[in-house]
Amino acid sequence: MSKTVAILGTLDTKEGEIRYVRDLIEKLGHKTIVIDGGILGQPSFLPDISNEQVAQAAGTTLEQVIALGHEGKAIAVMAQGASRIVQHLYAGGRLNGIIALGGTMGTSLGLAAMRDLPVGVPKLMVSTIAFTPFITADAVGKDQMMLQPAADLWGLNVITRAALEAAAGAIAGMVNTYRPIVSTKPLVGVTTRGVCRYLNWIKLLLEERGYEVTVFHAVGLGGRTFESLIGQGLFDAVLDLTTGELIEDLCGGVCSAGPERLEAAGRLGIPQVVAPGRMEFWNLVGKPEAMPSQLKERKIHQHNPLVLCVKATREEMIEAAKAMAGKLNKARGPVAIAIPLRGFDELDKEGGPFYDPETDSAFIEVLKKHIDSRIKVVELDVHINDQEFAKAVVAVFDEVMGSRGGKSKGKGRRRLE
Amino acid sequence: MNKTIVIVGTLDTKAEEVEYVNELIRRKGHQTIVIDPGVLGEAGFEPDITRHQVAEAAGTSLNQVIQLGDEGKAIEVMAEGACNIVQELYSTGRLDGIVALGGSMGTSLGLPLLKALPLLVPKLLVSTVAFTPIISQATASPDLTVMPTVADIWGLNRITKRVLENAAGAISGMVETYEKSELSEKRMIGVATLGSAALRYVPYVKPLLEEKGYEVAVFHTNGVGGGTFEQFVEQGMFAGALDLSHQELMSYLCGGQNAVNRLEAIGKRAMPHVVAPGAIEWFCWFEPVDTIPSQYRDRKIHMHNPRVAEIEANKEQKAALGKVMAEKLNRALGPTVVLIPTQGFSERDRPGGVFYDPEGRGAFIEALKSNIKPEIQVRELDVHINDAEFAREAVATLDSLIVNQADH
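In order, the protein sequence lines correspond to chains A and B.
Quick note on numbering: the first sequence equals residues 1 to 417 in our numbering.
Quick note on numbering: the second sequence equals residues 1001 to 1408 in our numbering.
If you are wondering where the hints come from, they were derived from the structure by calculation, not from laboratory data.
Be a bit skeptical, because a hint or two may be false.
Only part of the chain A face toward chain B is listed, based on derived beta-carbon distances under 10 Å [claimed, not checked]:
#1 N176
#2 T177
#3 A218
#4 G220
Pairwise CB distance ranges, derived in the manner of DEER restraints [to be verified]:
#5 B:E1046 / A:Y355: 34 to 44 Å
#6 B:E1046 / A:A91: 39 to 49 Å
#7 A:G252 / B:S1061: 33 to 43 Å
#8 A:T313 / B:V1289: 26 to 36 Å
#9 B:P1293 / A:E208: 55 to 65 Å
Heads up, simulated DSS-like pairs for lysine-lysine below, C-alpha to C-alpha not over 27 Å straight-line [what the hints assert, rightly or not]:
#10 A:K296 / B:K1073
#11 A:K322 / A:K311
#12 A:K185 / A:K391
#13 B:K1161 / B:K1003
#14 B:K1328 / B:K1373
#15 B:K1073 / A:K349
#16 B:K1161 / A:K31
#17 A:K391 / A:K376
#18 B:K1028 / A:K3
#19 A:K31 / A:K3
#20 A:K349 / A:K368
#21 B:K1073 / A:K311
#22 B:K1161 / A:K185
#23 A:K369 / A:K311
#24 B:K1115 / B:K1328
#25 B:K1268 / B:K1369
#26 A:K376 / A:K349
#27 A:K330 / A:K368
#28 B:K1161 / A:K3
#29 A:K296 / A:K349
#30 A:K299 / B:K1073
#31 A:K322 / A:K376
#32 A:K349 / A:K391
#33 B:K1328 / B:K1268
#34 B:K1028 / A:K31
#35 B:K1003 / A:K31
#36 A:K27 / B:K1028
#37 B:K1003 / B:K1115
#38 B:K1315 / B:K1328
#39 A:K322 / A:K369
#40 B:K1003 / A:K27
Quick reminder that beta carbons are idealized off the backbone N, C-alpha and C, glycines included.
With the hints as constraints, model all of the structure from the sequences given.
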């Protein structure tokens, strides 16, 4: 059951490494397609797809790319060409997985080339800058694996060879297990976070109704993935109950999912039930001692050794309410908002470090004031982690799904490809 | 070629997923050891190593951990216990690779665990918080592989199954290609350097070392590579070290952001070292320039690129570094030679360069020489660090240290 793995890198600087990975993958029984995204120098072995072809796929020529005289701009053009080639190979059934390797430049090239392949297609980035601040959530794809070699990719040696062996093994192992994602049930996407515990009940209730449930950890990348999978048309409905990434984005928290959070479902007209889960704080990374001085007065909670929670102010909550209303007012499909009046997450409950009903009320008032009258706001005298909240949300969900007239509850069978 | 893969996940919340990965890996013909470091709730199935055993490995009991009443602290204790267990499994030949699954708690727990294992042992973290700042150079093992879960690990569905299949395939593939024996066959030299804007000896030293039959591994010492370099020295990976780049130590003394407390492993593992003070004229700041500490605002600052500010180290700091380096080198267990290229320590330290400073260089040399013990040879060479002649001298010196050591 031989598969085809695309190998992307810059042959001008990483030739030995690319050749080594290619030979390993072939030894493991798979075919390879080597794509050269490099710009300078003459490679000593011929790739399957040359840098000239990559430049052409971007609508230009290698000569013109070199004439840009700027490495960063050149890489951006080559990345675009590589991305088109990779997608074309995939669409033609000639690619089962992709591996890219590189330093700063090769990583920009590789990430851009693989990020538009569908979720589930094995993708591996071997990057010397994998866990540096250079790699941000918006630079990475939704599901690519990232391997950091312990030494620079500066020729083959025992350390780089071991890293490349692991990489070849990993991508070969992934394409071996690969099968398309198929399901017959309608799919509901739900957002949550560790501090929101409604899922135990909601998942069961939805499964009883014949839905399949997929959960997203709304800590930035999760929210971005959620939005982008909604955009791929994967979900029949969403329960977007942990929307705190909105306030992260407004306040510069580390868990921001970007400014477009809470927009895709509305844009596509997918039914949605929304709640302000964990809206009353945002996150920083590090120790309380290292907090910026302007935050010294804030209430802080150390979630775990790596993550700090910063209590949002009244003004920040009000801004978040306006943002939420503005986004939902634009929705083309049915929307309902469920508000747990006794607290938005585990930290925001009586006795909890962020319990603050007054500020929560300010949020609720502003949200109600700005929200379109066609959107139902259901206020529930419960805490978000109470079982009653889960039940009420599912009841609201049933109503929203019922309100769509004669439509079936979902499209059901589809492939995530 | 049956291997053992350790699977770590909290079985109160992730039992279904851990079980699925376990089954997939076993189906590929490998043995598995499931470790449950969870604290609350009930384990969904019986692991090979229970949470009670994990707590005991940290010198406490699960009840005491629960009584801490603080999830963050509980995670720290359980991480310690799990670290001790995986190290024990590795050293007794019962761990060929490891995969940890988790959310933000599981990731906080998994990161130190994976970091506790030797470099190059296959390690995979399947995380819901991949590519957030939670996984950084400071917290991640330098050879880590991370896979985002796409959807949350919250039960099996078409998306999570695909992700877990990829994870099981990847870790199985990694252990299948990993051969420990091969690691020790060749003599390898670790070379510390920086980019060519600062240090340019690698294109000379690499072929020279290869001519002599060595393999060369290069480390970019900008706050990351130096820590990896130290770890490899301690692990005994190298036959010798060309440790010629020390900005990370200057940064450590000055409170810079590319700081690493370097030259520590040299006192823990006997091994030939050639040391030079490459690129010590400045240290780096990555965050916006307006967050540079006030005491450094009036220093000369050079923007290396839009994200990296280089702050000049002054004469006093250079003298202080000379003393600190001498004290660290005095603890060296193996044969050690210090080479000092008196015409300049980096590309920036040349006539016309932004950090050209012969006086500061002199202060460094003076402080180093007056604090170093006489057994350690310090040789001043009338060359620049980026001259071909310096590279030749460094390689010849290291080679003779290695050869002499082998003769004894």
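Status of the hints after comparison with the structure:
1. At a threshold of 10 Å, the smallest CB-CB gap from N176 of chain A to chain B is about 6 Å, leaving the interface hint in force.
2. With 10 Å as the threshold, the beta carbon of T177 of chain A comes within range of chain B, its nearest partner Cβ sitting at about 4 Å, so the hint holds.
3. For the restraint placing A218 of chain A at the interface with chain B, the shortest Cβ-Cβ distance is roughly 9 Å, inside the 10 Å limit, so the hint holds.
4. The closest approach between the C-beta of G220 of chain A and any C-beta of chain B is roughly 5 Å, which is under the 10 Å cut-off, so the hint is satisfied.
5. Range check, E1046 of chain B to Y355 of chain A: Cβ separation about 39 Å, and the 34 to 44 Å hint holds.
6. Distance hint check: the CB atoms of E1046 of chain B and A91 of chain A are about 46 Å apart, consistent with the given range 39 to 49 Å.
7. Between G252 of chain A and S1061 of chain B the beta carbons are some 42 Å apart, a value that agrees with the proposed interval 33 to 43 Å.
8. Taken as a hint, the range 26 to 36 Å holds for the pair T313 of chain A and V1289 of chain B, whose Cβ atoms sit roughly 27 Å apart.
9. In this structure the hint that P1293 of chain B and E208 of chain A lie 55 to 65 Å apart at CB holds, the actual value being about 58 Å.
10. With a CA separation close to 23 Å, the supplied pair K296 of chain A and K1073 of chain B stays within the 27 Å bound.
11. With a C-alpha separation of about 18 Å, the suggested pair K322 of chain A and K311 of chain A falls inside the 27 Å cut-off, and the hint holds.
12. Using a Cα cut-off of 27 Å, the hinted pair K185 of chain A and K391 of chain A holds, with the two alpha carbons roughly 21 Å apart.
13. Restraint check: the Cα-Cα separation between K1161 of chain B and K1003 of chain B comes to about 23 Å, which is no more than 27 Å; the hinted pair holds.
14. Taking the CA atoms of K1328 of chain B and K1373 of chain B, the gap is about 11 Å. The hint holds against a cut of 27 Å.
15. Simply put, K1073 of chain B and K349 of chain A have alpha-carbon atoms about 21 Å apart, close enough for the 27 Å limit, and the pair holds.
16. Pair hint K1161 of chain B plus K31 of chain A holds up; C-alpha atoms about 26 Å apart against a cutoff of 27 Å.
17. With a CA separation close to 17 Å, the supplied pair K391 of chain A and K376 of chain A stays within the 27 Å bound.
18. Distance restraint check for K1028 of chain B and K3 of chain A: the Cα-Cα separation of roughly 17 Å lies within the 27 Å cut-off, and the hinted pair is therefore satisfied.
19. As the CA atoms of K31 of chain A and K3 of chain A are separated by approximately 6 Å, the hinted pair is consistent with the 27 Å bound.
20. Using a Cα cut-off of 27 Å, the hinted pair K349 of chain A and K368 of chain A holds, with the two alpha carbons roughly 22 Å apart.
21. Pair hint K1073 of chain B plus K311 of chain A holds up; C-alpha atoms about 21 Å apart against a cutoff of 27 Å.
22. Of the supplied pair hints, the one linking K1161 of chain B and K185 of chain A holds, its CA atoms being roughly 15 Å apart against a limit of 27 Å.
23. The suggested pairing of K369 of chain A with K311 of chain A holds, with an alpha-carbon distance near 24 Å, which does not exceed 27 Å.
24. Note on K1115 of chain B and K1328 of chain B: the hinted pairing holds, with a Cα-Cα distance of about 25 Å set against a maximum of 27 Å.
25. Proximity of K1268 of chain B to K1369 of chain B is assessed by CA-CA distance (about 23 Å); at most 27 Å being required, the pair is judged to hold.
26. A hinted pair counts as satisfied when its Cα atoms are at most 27 Å apart, and K376 of chain A with K349 of chain A qualifies at roughly 25 Å.
27. As the CA atoms of K330 of chain A and K368 of chain A are separated by approximately 15 Å, the hinted pair is consistent with the 27 Å bound.
28. The hinted pair formed by K1161 of chain B and K3 of chain A meets the criterion: a straight-line CA distance of about 20 Å does not exceed 27 Å.
29. About 23 Å separates the Cα atoms of K296 of chain A and K349 of chain A, which keeps this hinted pair within 27 Å; it holds.
30. With a C-alpha separation of about 19 Å, the suggested pairing of K299 of chain A with K1073 of chain B holds against the 27 Å cut-off.
31. Only pairs whose Cα atoms come within 27 Å are accepted, and K322 of chain A paired with K376 of chain A is accepted, the gap being roughly 16 Å.
32. For the given pair, K349 of chain A sits about 19 Å from K391 of chain A by alpha-carbon distance, which is consistent with the 27 Å threshold.
33. Annotation: proposed proximity of K1328 of chain B to K1268 of chain B holds, straight-line Cα distance about 11 Å (limit 27 Å).
34. For the given pair, K1028 of chain B sits about 21 Å from K31 of chain A by alpha-carbon distance, which is consistent with the 27 Å threshold.
35. The suggested pairing of K1003 of chain B with K31 of chain A holds, with an alpha-carbon distance near 26 Å, which does not exceed 27 Å.
36. Note on K27 of chain A and K1028 of chain B: the hinted pairing holds, with a Cα-Cα distance of about 18 Å set against a maximum of 27 Å.
37. A distance of roughly 21 Å separates the Cα atoms of K1003 of chain B and K1115 of chain B; the hinted pair therefore holds under the 27 Å criterion.
38. For the hint linking K1315 of chain B to K1328 of chain B, the alpha-carbon distance of about 20 Å falls within 27 Å, and the restraint holds.
39. Restraint check for K322 of chain A and K369 of chain A: satisfied, since their Cα atoms lie roughly 9 Å apart, inside the 27 Å limit.
40. With a CA separation close to 20 Å, the supplied pair K1003 of chain B and K27 of chain A stays within the 27 Å bound.
Of the numbered hints listed earlier, not one is contradicted by the structure.
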